[in-house]
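> Go by the hints and put chain V onto chain F.
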Amino acid sequence: MDRRAFLQSLGGAAAGALVLTRAGAASASEHHELAHTTPHPTRGPVPPATSGARPTLLQPGQPHVVTPNGSTLPWRIVDGVKVGHLVAAPVAHEFAPGMRAEAWGYNGSTPGPTIEAVEGDRLRLYVTNRLPEPTTVHWHGLVLPNGMDGVAGLNQPPIPPGETWVYEFVAKHPGTFMYHPHYDEMTQMALGMAGMFIVHPRTPRSHVDRDFVLMTHEWKLEVGARRPDPNAMNDFNVLTFNSRAFPGTQPLLIGVGERVRIRFGNLSAMDHHPIHLHGLWFHETATDGGFIPASAQRPETTVLVPVGSTRVIEFVATEPGDWAMHCHMTHHVMTQMGHGLPNAVGADLSRVDHRMSRALPSYMTMGTRGMGGMGEMVMDVPPNSLPMRGAEGPFSYVDMGGMFTVLKVREDPERADPADWYAHPPGSVAGPASAEALRRDGIGA
Amino acid sequence: MRFAPLALLLALFATSAVAAPDDAAASRPDPGDPTVPTLPLPAPTLALQTDPPLPGDPSTGWAGLGDPASAGPTLTLDEALALARAHHPLLAAAGVGVRAATSERAAAGRIGNPSFETEVLPGEGDNEVELAARLDLTDGVLAGLRVRVADARRDAEQSRAQATTVRVEAEVRIAYVSLQAASLRLAVGQRALEIQAVARDAAEALYASGGLPWAEVVPHVAAYERLRLSVAGLELDVAAARERLAASLGRFGAASEVAPLPDLPSDPGVPADLEARAVAASLELAALREEATALGRAATLARVSGALPEVEVGLLAVNDRLPLGLAAPQEPWRFGGSVELTVPLFAQGVAAGRAASLRRDELAWRLEAEAVQLRADARIAAARLHVAHAKAAHLRDVVLPRQREVTEATLRQYNAMQLSVFQLLQARRAEFDAELELVDALRDAWIARVGLDALAAGVRVDLPLTQTATPSAGATPDGGH
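Each protein sequence line maps, in turn, to chains F and V.
If you count the first sequence from 1, position 322 lands on 322 in the working numbering, and the numbers rise without skipping.
If you count the second sequence from 1, position 213 lands on 213 in the working numbering, and the numbers rise without skipping.
Only chain F is shown next, with the shape it has when bound in the complex (with noise of 0.2 Å):
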């Protein structure tokens, strides 16, 4: 029996109502001992949306800027002096309910705060390292004293563990940029040792309604294992948003008519991503050299971050609605696919399964009519994996994951239930063909 149609036997509610079930049963909460600013997923399968309120000003034009799934580290002023505090730390971290992994990061969570801050700052930056092996942080992007630079040996000594040591410079150029160690690169970023590093110009460029900021990873997570491989090169299974794959991710919640910036950074180890908006167009307005002039920018739907980068676009949505937002390389929206298997398309395996009912009575047949119903089979899968998961949507299953996102849309964000679904206006959703408009147009089926 093939699996889709086992769970056509099975009937596609009571499968949902199961699918469902199990994505829920997950904690989906994290605890970051210093983060603020960004409300925690509580419930579905689909984790509450980021609030319609609208954020705080940093300045006017310019909001705090938001990090979906994430958070922002706190400053303590001492005599005009920005402080903060990294800690770097072994954390037990969830990509989605049901798949938890022992990663590394900044303050308890992967990524680490997004640190924040504005053109012309001093800031001093406590780095405290837990981790059983030394470490620096490397500001990315930003102009700095060289001995600032965090490069282990070339300029400075490794942070041995158990010690804290302090950066300390001015942020004097604004732009998007990022953090993550300069030793052993290959471990600990791979392990989740990264953070986005906003600095805001003293004068805002362009007036935003909402500013957020997405940092694009990629990881190898074995299924049924619990470390993320730092060895991997190439099949990397899972791909994230903020180090959270769908339905892990928190949508996006705007409004119709705002101005919102996103702000995309790209520390994998080996994949550029192209991000492609749905329902809306865009400008790339920065990247992490700088602000690209007004003349030089393009409309675009898809904006590729390459390894090392980051990418800023703005734009106004005009269509209410939940836009899919995700890389369109299409194995990174399927998370924790295997990718050594025998192509099963089109093949009759049904004299395999007369045999498989005596010799192995558990085993379904998958694969001979396409992949698409992968995500809702149910099947004994290894614990604390999603294998080709994706997530109950408002029509069917989204059989998207990884590196996949929302952007909900609303007339009033801040009234609308982050958790809900768009309500379609009457007639216009994609639906059966009816005879009668078949024969008025002509087609043949």
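Calculated from the structure, these hints are not laboratory results.
Hints may be right or wrong, so weigh each one.
[Claimed, not checked] Chain F regions said to be covered by chain V (calculated; three or more residues, Cβ under 8 Å):
{"hint": "1", "segment": "335 to 342"}
{"hint": "2", "segment": "349 to 355"}
{"hint": "3", "segment": "377 to 385"}
We treat Cβ as the ideally placed atom computed from N, Cα and C, and that holds for glycine.
Chain V in isolation, oriented as in the chain F frame:
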């Protein structure tokens, strides 16, 4: 006619000298007679037929264990032992041997017959007749010694007969366990073949749909064909084991199934005093001791018979004028006696006695060597049973459950689309390999038990060498990598 009673007596002796063999043996079919019918030879192997049936196929073929063509009624071990006791030619031979030894003892106790002599010297009208009867008195004196020698030899024969009984029963038990194990191995092999058939079918289906190149299909086909050969070998093992069981029962041309191979007892049950028990109960040592006793007594007999003068006494009747016919003698009979004495001046039996003594001493040394070897064999048998039991228990309680876990975990990885169906089937085949190892270990443990029991009953048994044939023939490529 005066000699008619003597002729009758001679005729009786002649008849008893060519007595017929045991009537019981005459009632069984003679395996040496080529015209005696038996079962047809086994059919060609099922595994190598053009389209071999697989387990569970409803039409024909391997519905159960073993080769259905020669399957018969189920025989319990107790029934098998009873059959062997009733039919095994070696047991019958052992019984005959004991009876022969008993007869030899009786013969040894008999005193030599008297001799009669008649001399007739014809004359004119009368005959001169002399009648003499003689009896060897020394033979009567030596009869007691001969009986003692025969007693010891009969005891040795009895010990050997008991040993034969123990050995035959042990061989029945070994053959029974071997058939049990062979049948189980075949059943496991058949299931492994079906798994390989699945791999072949899956590869061919994926090739037919364009999902696999032929280069990744043909290893699965080749592996299936290789496995057919392995399973054919397992079929042969069953057929051979069945024939060996029949032969151990002293039968031929009869086929039967056996009960399933039982699980192990929780404890191997090796007696702490096995070595002492084996020595005390050893029928082989007992037979040697009794042979040595016989040789010692034979030495005494040789010395006594050599030193003792041979004394022969006789009666004599003489008549010088005995007319022909039935007429009365012309003179009365004269009677007298005789004594004959052989003086042992030259042949005193010393050499023969010494030879027998030396043979006894030789046997004593051999007996000591046998005892040393027996003690070593007892320790080896105990160790063998301990190890075989522990190995089987480890396979049953640890290895096989872990191997089943491997299959379950592989199935979950397959469900998660991380591993291919070929890797899943490979895990299942590995599970079957572990099952085969367990069957081998169970068989070895039970056979070791037989060897130990036989030792405790007084006999060392040659145990068959252990065999570890695994039908695993999975293709290396999994079709996906």
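> Each of the hints needs a verdict: does it hold here or not?
For each hint, the structure was consulted:
1. 335 to 342: holds (count 6)
2. 349 to 355: holds (count 4)
3. 377 to 385: Per the Cβ count (6), the hint holds.
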